[in-house]
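K.L.:
Sequence order for the protein chains is V and S.
Number 91 in my numbering belongs to position 91 of the first sequence; there are no gaps in the numbering.
Number 20 in my numbering belongs to position 20 of the second sequence; there are no gaps in the numbering.
Don't read these hints as lab results, they were simulated from the structure.
It cannot be assumed that every hint is accurate.
Derived, one-sided and incomplete: chain S residues facing chain V with beta-carbon distance under 7 Å [stated by the list, open to error]:
1. R43
2. P44
3. L46
4. A100
5. F103
6. K105
7. G106
Derived BS3-like pairs: lysine-lysine, alpha-carbon spacing no greater than 27 Å straight-line [to be verified]:
8. S/K105 / V/K65
9. S/K105 / V/K7
10. S/K94 / S/K68
11. V/K65 / S/K42
12. V/K7 / S/K42
13. S/K37 / V/K7
Here are some chain V residues the structure puts well away from chain S; computed CB gaps all over 10 Å [to be verified]:
14. Q14
15. S18
16. F61
17. E86
18. S89
Cβ coordinates follow ideal geometry from the N, Cα and C atoms, glycine included.
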Amino acid sequence: SAVISQKPSRDICQRGTSLTIQCQVDSQVTMMFWYRQQPGQSLTLIATANQGSEATYESGFVIDKFPISRPNLTFSTLTVSNMSPEDSSIYLCSAWGGRTEAFFGQGTRLTVV
Amino acid sequence: GENVEQHPSTLSVQEGDSAVIKCTYSDSASNYFPWYKQELGKRPQLIIDIRSNVGEKKDQRIAVTLNKTAKHFSLHITETQPEDSAVYFCAASKGNSGYALNFGKGTSLLVTP
Chain V
1 SAVISQKPSR
11 DICQRGTSLT
21 IQCQVDSQVT
31 MMFWYRQQPG
41 QSLTLIATAN
51 QGSEATYESG
61 FVIDKFPISR
71 PNLTFSTLTV
81 SNMSPEDSSI
91 YLCSAWGGRT
101 EAFFGQGTRL
111 TVV
Chain S
1 GENVEQHPST
11 LSVQEGDSAV
21 IKCTYSDSAS
31 NYFPWYKQEL
41 GKRPQLIIDI
51 RSNVGEKKDQ
61 RIAVTLNKTA
71 KHFSLHITET
81 QPEDSAVYFC
91 AASKGNSGYA
101 LNFGKGTSLL
111 VTP
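My request is simple: use the sequences and hints to build the entire structure.
P.N.:
Quick look at the structure:
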């Protein structure tokens, strides 16, 4: 399967600021997704990153808070905007290249202080 | 939307015993059911998956069964080893590819020597 590079791997941010997380896949993939995993919890889908169009957000997540870009078939970014301590979590990028399984980046551990 | 329930939340077994984790899903349109293993601080890794046209699939010590009528699927690990200790997540998706995953809450498996 393809390899996902996600960065940064971790960051500590001040409340009110924004952080952009990058996800790079080493081959073209059909679909890319962003998940959030709070400590000790399961993965929750934030949105599907659509190539060349606006992302599709799940209930409870909005574009103003989590703007997403996907300019091509191998790259996506997630921005966590106007951060608060409640945004402290692990953010994971996932990609699906067709009939292969969905695979994940190593995650970005975000702490908001 | 899809709701995936997973039981038990924690499971402790002796090395060499079997472990069974069960999941139910709500959306009859779901047709792809992967299982992920996540070790502490690491990304989720696919260990086995099953599609709706198959009732059972086995890969060495790991097997998954699917009952579409009852909308439940199970992970079976035989001859458990300490390195099997991790959190296991089941998931469901409505597409063989290109669709987002809805995850269960996870099962923390501990295999004691």
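K.L.:
None of the hints should be skipped; say for each whether it holds.
P.N.:
Here is how each hint holds up against the structure:
1. About 4 Å separates the beta-carbon of S/R43 from the nearest beta-carbon of chain V, less than 7 Å, and the hint is met.
2. A distance limit of 7 Å between C-beta atoms decides the matter here; for S/P44 the minimum to chain V is near 5 Å, and the interface restraint holds.
3. Below 7 Å, beta-carbon pairs count as interface contacts, and S/L46 has one with chain V at about 4 Å; its hint therefore holds.
4. Interface restraint check: S/A100 against chain V, minimum CB-CB distance 5 Å, threshold 7 Å, status holds.
5. Of the supplied interface hints, the one on S/F103 holds, with its beta-carbon coming within about 5 Å of a beta-carbon of chain V, less than 7 Å.
6. With its C-beta approaching chain V no nearer than about 5 Å, S/K105 sits inside the 7 Å limit, and its interface hint holds.
7. Hint on S/G106 holds. Least Cβ distance to chain V is approximately 5 Å, under the 7 Å limit.
8. For the given pair, S/K105 sits about 25 Å from V/K65 by alpha-carbon distance, which is consistent with the 27 Å threshold.
9. Note on S/K105 and V/K7: the hinted pairing holds, with a Cα-Cα distance of about 26 Å set against a maximum of 27 Å.
10. Taking the CA atoms of S/K94 and S/K68, the gap is about 13 Å. The hint holds against a cut of 27 Å.
11. Proximity of V/K65 to S/K42 is assessed by CA-CA distance (about 26 Å); at most 27 Å being required, the pair is judged to hold.
12. This hinted pair checks out: V/K7 and S/K42 have alpha carbons roughly 14 Å apart, not beyond 27 Å.
13. Between S/K37 and V/K7, the direct Cα distance comes to roughly 22 Å. Compliance with the 27 Å bound is thereby established for this hinted pair.
14. Against the 10 Å criterion, V/Q14 stays outside the reach of chain S, whose nearest CB is about 24 Å from its own CB.
15. For V/S18, the condition that its CB be more than 10 Å from all CB atoms of chain S holds, with the nearest at approximately 24 Å.
16. No Cβ of chain S comes within 10 Å of the Cβ of V/F61; the nearest lies about 12 Å off, and the non-interface call holds.
17. With 10 Å as the threshold on Cβ separation, the claim that V/E86 sits away from chain S holds: the shortest Cβ distance comes to roughly 19 Å.
18. Separation of V/S89 from chain S is adequate, the least Cβ-Cβ distance of about 14 Å exceeding the 10 Å criterion.
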